[in-house]
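Visitor: Chains as they are written, first to last, in the working numbering: chain A, 86 to 290; chain B, 61 to 366.
Simulated from the structure, these hints should not be mistaken for laboratory data.
Just so we're clear, the structure is a prediction, and the values are computed from it rather than from any experiment.
Ideal placement from N, C-alpha and C gives every residue a C-beta, glycine not left out.
Among these hints, one or two may not hold up.
For each label pair, taking beta carbons as the anchor points, the in silico distance ranges come out as [unchecked claim]:
#1 B:Q244 / A:G209: 30 to 38 angstroms
#2 A:P181 / B:S181: 57 to 65 angstroms
#3 A:V234 / B:P303: 54 to 62 angstroms
#4 B:E279 / A:G209: 22 to 30 angstroms
Coverage of chain B stretches by chain A, computed from C-beta distances (three or more under 8 angstroms per stretch; other residues unrestricted) [claimed, not checked]:
#5 263 to 271
#6 311 to 322
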Amino acid sequence: MTTAVEAQSRSESLAADLASVIEAVQRSVVMVRGSRETSGSGVVWTEAGAIVTNYHVAPGPFAQVILADGSRIPARVTRRSTALDLALLEPEVAVPLPWNPAAVRDSADLRTGELVLAIGNPLGERNVATMGVVVTAPGAENPVRTAIVLRPGNSGGALADSSGRVVGIPNVVMPGGLALAVPTRAVQRFIAARHAAAARVRVVA
Amino acid sequence: MSAEEHANLLAALSADLADAVERASQSVVGVDARRRVPGTGIVWPEGGIVVTADHVIERHDEISLVTSGGHRIGATLIGRDPGSDVAVLRPASAAGRPAELAPAESARVGSLALAIGRTASGATSASFGIISAVGGSWRSMRGGAIDSYLRADLTLYPGYSGGPIVDASGRVMGMNSSHLAGGQSVALPTAVVRGIVDALVAHGRIRRAYLGVTSRPIEVPDALREKAHVDQQTGLLLLNVEPGSPADRGGLFLGDVLLAVNDRPVTHPEALQAALGADLVGKHVTLRLLRGGEVRDLSVTPGERE
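The task is simple: from the sequences and hints, build the whole structure.
Guide: Here it is in structure tokens:
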């Protein structure tokens, strides 16, 4: 039998864990404004500050990254995939910014029933967090299906696991309370392909 | 401090939930017996049977189950009760591990809960929330008298009906139904399901007593209530008495106002249905009614509803 005090301290530490995991993920999530009046979220992916977002958030050649203090940084869209609904942004800044690249986990390891957190800027509200579960484990190929509340503007943000590691980029809300995210397995392939392409360009030059 | 070092309880809870889904899913089958998305079923702890929702069974033959291992096996319908939305199937071979049931009445408002389904492709699927209400007896929208119910704030995706709602340890607390309350997520507690399942295994259906009347509530005027020494505000005006029915044979007429069945007041049609339990089939029942401004008692012998 659990006493009320024990139960309370356990749920309090659970709540504290939740808050600190969300805080950690928030440091890697930015707001993105596309060139066609689109707006959403992005995840800082590399030390150099490359940002992953959805293609539908940044469909044009340029985008703006809006930091927590409201400052706007121009960015170029250096790679895009309409099929994956992914875009890569490279901020054009002279001074290094305190980027916090996200911790990333392979989505193929996700289990059905695991807790997940979505962090983004729905409807322009910053750093909003929602919690849900993995509805169907994605395996190596499928999108991450989650039971979680997402709203417009969550797109391009982070879907993270209970340790704060990003497992997907939320991009689609289906009718009936099902949300889909691009799995990190696909994001990593997208980024690796970019590096391969860049390397080829250099060889030719 | 990194998030990973700090997040011990949250990560442990997350792993527990995934474990609960994995454990419970071994007792969860897909039930393919309709044209739309298949339903879900629970491998019942006893009897080698599978329990599912009545409304996902739209055909009697060629019912197949999809096991947690992705195998497809045949099944036959043993019994069904549309009123409580429960059906029992007999699989051609073992359908999975018998489900572990949560202790009776362990579901409390605020308890963590997972709903589990099996997709058409055989994958396990789950949603998560809390028990938001534990309700007492009610009459479902499909006419069944149900002793208690669970309501949770989780999403029942298409095809989840007939599947389990489990606790954070993966033990079955109830059977999900999207049909009992007009599309809202409701679950029948396992104790309720067990009573229905036992009756279905024994008889193939749920016995209900039957009078053969159609009625609607009508206000009993104050003067008449005083005169007839009646407490209740409403009675049931009989709009139809089926020829040859128990009510007809017992001498009930169109226009009678039914007040009570065996001293149990009937103030609305659902109360009448609730009063007509299986135990009254073939027994003498005293009906109190108003006829011509007078109270009368009539003895009627209910039949069994087909």
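Visitor: With reference to the structure, classify each hint as holding or not holding.
Guide: Going down the list of hints, with the structure as the test:
1. B:Q244 / A:G209: 30 to 38 angstroms: Distance hint for B:Q244, A:G209 holds at roughly 32 angstroms.
2. A:P181 / B:S181: 57 to 65 angstroms: 47 angstroms, violated
3. A:V234 / B:P303: 54 to 62 angstroms: 56 angstroms, holds
4. B:E279 / A:G209: 22 to 30 angstroms: 55 angstroms, violated
5. 263 to 271: With 0 residues closer than 8 angstroms to chain A, the stretch 263 to 271 of chain B misses the three-residue bar; violated.
6. 311 to 322: Check failed, 0 qualifying residues.
The structure is inconsistent with the numbered hints 2, 4, 5, 6, although it conforms to all the rest.
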